[in-house]
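Residue numbers (the numbering used here), protein chains in the order written: chain Y, 1 to 193; chain D, 1001 to 1568.
Just so you know, not all the hints are guaranteed correct.
With a cut-off of at most 25 angstroms between alpha-carbon atoms, the simulated SDA-like pairs for lysine to any residue come out as follows [what the hints assert, rightly or not]: (1) Y/Lys176 x D/Lys1419; (2) D/Lys1054 x Y/Val17; (3) Y/Lys176 x D/Tyr1204; (4) D/Lys1054 x Y/Ala10; (5) Y/Lys176 x D/Leu1097.
Since the hints were derived computationally from the structure, they do not count as laboratory data.
Please read all numbers here as calculations on a predicted model, not as lab measurements.
Here's the letter readout for the chains.
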Amino acid sequence: MLSQTRPAIALLAIMTVLTGVAYPLAITGIGQALFPHQANAAPITRDGVVVGSEHIGQTFTRPEYFHGRPSAVDYDAASSGGTNFAPTNRELVDAVAERARRLAAETGVERIPVNLVTSSASGLDPHISPDSAYLQIKRVAEARSVPAEELRRIVNEHIEGPLLGVFGAPAVNVLKLNLALDERAPHPETKRD
Amino acid sequence: MASDSLQFLLYAIILVALAWPLGGYMARVFQGERTLLSPVLAPVERGIYAAAGKGATQGQHWTRYALSMLVFNLAGWLLLYAILRLQHLLPWNPEGLAPMSPDLAFNTAVSFVTNTNWQAYGGETTLSYFSQMVGLTMQNFVSAATGIAVAVAVIRGFAARNAKSIGNFWVDMTRSVLYVLLPLSIVGAIVLIWQGVPQTLGAYVPATTLEGANQLIAQGPAASQIAIKQLGTNGGGFFNVNSSHPLENPTQLSNLLQLVYILLIPAAFCFLFGHMVKDRRQGVAIFAAMGILFVIGLAIIYGSELRGNMLYDALPIDQVAGNMEGKEVRFGAGLSALWAEATTAASNGSVNSMHDSYMPLSGLVLLLNMQVGEVIFGGVGAGFYGMLLFVVLTVFLAGLMVGRTPEYLGKKIEAKEVKLAVLAFLSMPIGILVFGALAAVAPSAVAAVQDPGPHGLSEILYAYSSATGNNGSAFAGFGAGAPFHTTLQGVAMMLGRYAFIVPMLAIAGTLAAKTPAPASAGTFPTHGPLFVVLLMIVVLILGGLTFFPALALGPIAEHVAMLAGQTF
């Protein structure tokens, strides 16, 4: 036992310094030097104010914005979480049914894309599927008094395709889309100079 | 559907293309040969051994090897426990987070030292940057290195002839970190930052959303931890929701890299094995058994996730995308299913979707993956020595069938080895079924279950399977923070780790001392399809028979109820 103590303590100390201090600090230095934007949570700034992160979804409820997915943590980015409901949980099935019926009534669309009525894993999902965005064009176009085709064009520009055409599903980043809307199709009341 | 199959196939090709050369490289590293990195790392290595004293390089008998491993793990546990309890007094705590409670710190320290990385806490709300880096990132390395070292020692036991020593723990552990884990982590971490994973000591970012609300965005030194968490099959996330968090896994490329890292070293071990026993076909046979079991599991999970929740069929919902509750749009059902299969097959435990919300049959596969001991690739090292246990049992059964003394690689497998193998295997049913049963009847314990009905039992079963299998993923509706569970699961994690490792090292020790007999006409070949099929059957039957009754009450009951349209 005693003969094991010296190597145990020596190696623990060396590994702590090497992998617990030197490695993360070196990576921090490299990351901050090479990719300062990404290494600091990829903030998006508008008029000098940080309005969010490229990768983090946020709550949208106003009619003139595209809305994201339901979130179990209300897009609180200081925490994160899904509902973790079982597929057979009555609370889940009822909540999903309520959302689907409301959206179907609002939009006149017969079948609502499943991602728009279910909660994401992180509660911070920045994306919706392209058809979930198309579904909202009518409402947003009316609220902003802009032609629907114009909005459709903006939505299509914001579809992030699968990597190499293979990996992942096509997705629309809601925050980036809404920022583009404010830029290119400003809301009459919130028009900024 | 077609595109999902294509991405599964491409993933497999990338994985094998990288694991094959890595296996050869690792074999050279552990046999002490020169490698590409030796000019840089050999002096560092010598310095470390000098600091560690003369016992640090001599060949060790298996008992001494096991003792070194245990002492090192104990010391690591003490250090991590102290860091977690004292984080409010330590630097790099910009959010001013409080110390962890004793039971949670016990659970977390055991969890990271045993390579489980079960998280009964949310990272961004509980841990300072110091705890994340010095405490957890460091254990991500050395707990993985412990697994790799043990597996290499076990392989030496199979490969050696008339040997007393199975290697030196300190050397194996040091080489794992220096030559394998660190270089790959550095590359991975830099790619992850490029893709959008934060790496900073700065505070959380306050933002004002487009609708004028305040949003505080958690960040920190994440990329460095995430690279090693995948590579070392640790799986403990920087953020609460692990790799489903858009800052932990922002893009398709970050997702692909992490997926490859999950299985890279476990797959490489098959090829490393082939090199070290000087018969590549043996490694390929084990790889084939693992690969086929993997594909079967993936097919079931993907199929039932893509089918979606049949309770939504009558609702105005378009379920072409499958079951999206607890999944991220950028990954969809395909990449979520692939990740879920990979992370439970390997004892990784990181998630990019919430397993608790998976369909019941998917949950069944996830549970079984862990319960068979995580031998379908498995944890770094751990999966491979786990599979060698099943190999011992397989040749034993084959020997019984033909009435010959079983052999593997020319070594006679005798009563002692089989008894030790069964002893190691028993840690799984004890940790999962006995502890799980305790948790299912203790009144305070049942309160931790979120979902009513059979899924509640699945949550308990999953928690104890994950802990004993050193996986670390969760049906996260389970309230793991209750002191009853933090304590009992801590014990389960230790059981699953050390009560498995020590008998395996003993097997290695007894085999090392044997003289291999030349193959004869009656020798059962262990590299052909017959052996591969037999090995798969043994894995499934042992796992199936042991855990089927519990699974019938959990996911299977839930599935049948769902077919009848029932909710809970």
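Would the pair Y/Lys176 and D/Leu1097 pass a check requiring their Cα atoms to be no farther apart than 25 angstroms?
violated (32 angstroms)
Taking 25 angstroms as the top limit, are the C-alpha atoms of Y/Lys176 and D/Tyr1204 close enough?
Holds, because 21 angstroms separates the two Cα atoms, which is no more than 25 angstroms.
Keeping to a limit of 25 angstroms between CA atoms, is the pair of Y/Lys176 and D/Lys1419 held or broken?
Cα-Cα ~61 angstroms, so violated.
Hinted pair, alpha-carbon criterion (25 angstroms max): D/Lys1054, Y/Val17. Please report holds or violated.
Holds, at roughly 22 angstroms.
Distance restraint between D/Lys1054 and Y/Ala10, which requires alpha-carbon spacing of 25 angstroms or less
holds (12 angstroms)
Violated hints, in rising order: 1 and 5; the structure is consistent with all others.
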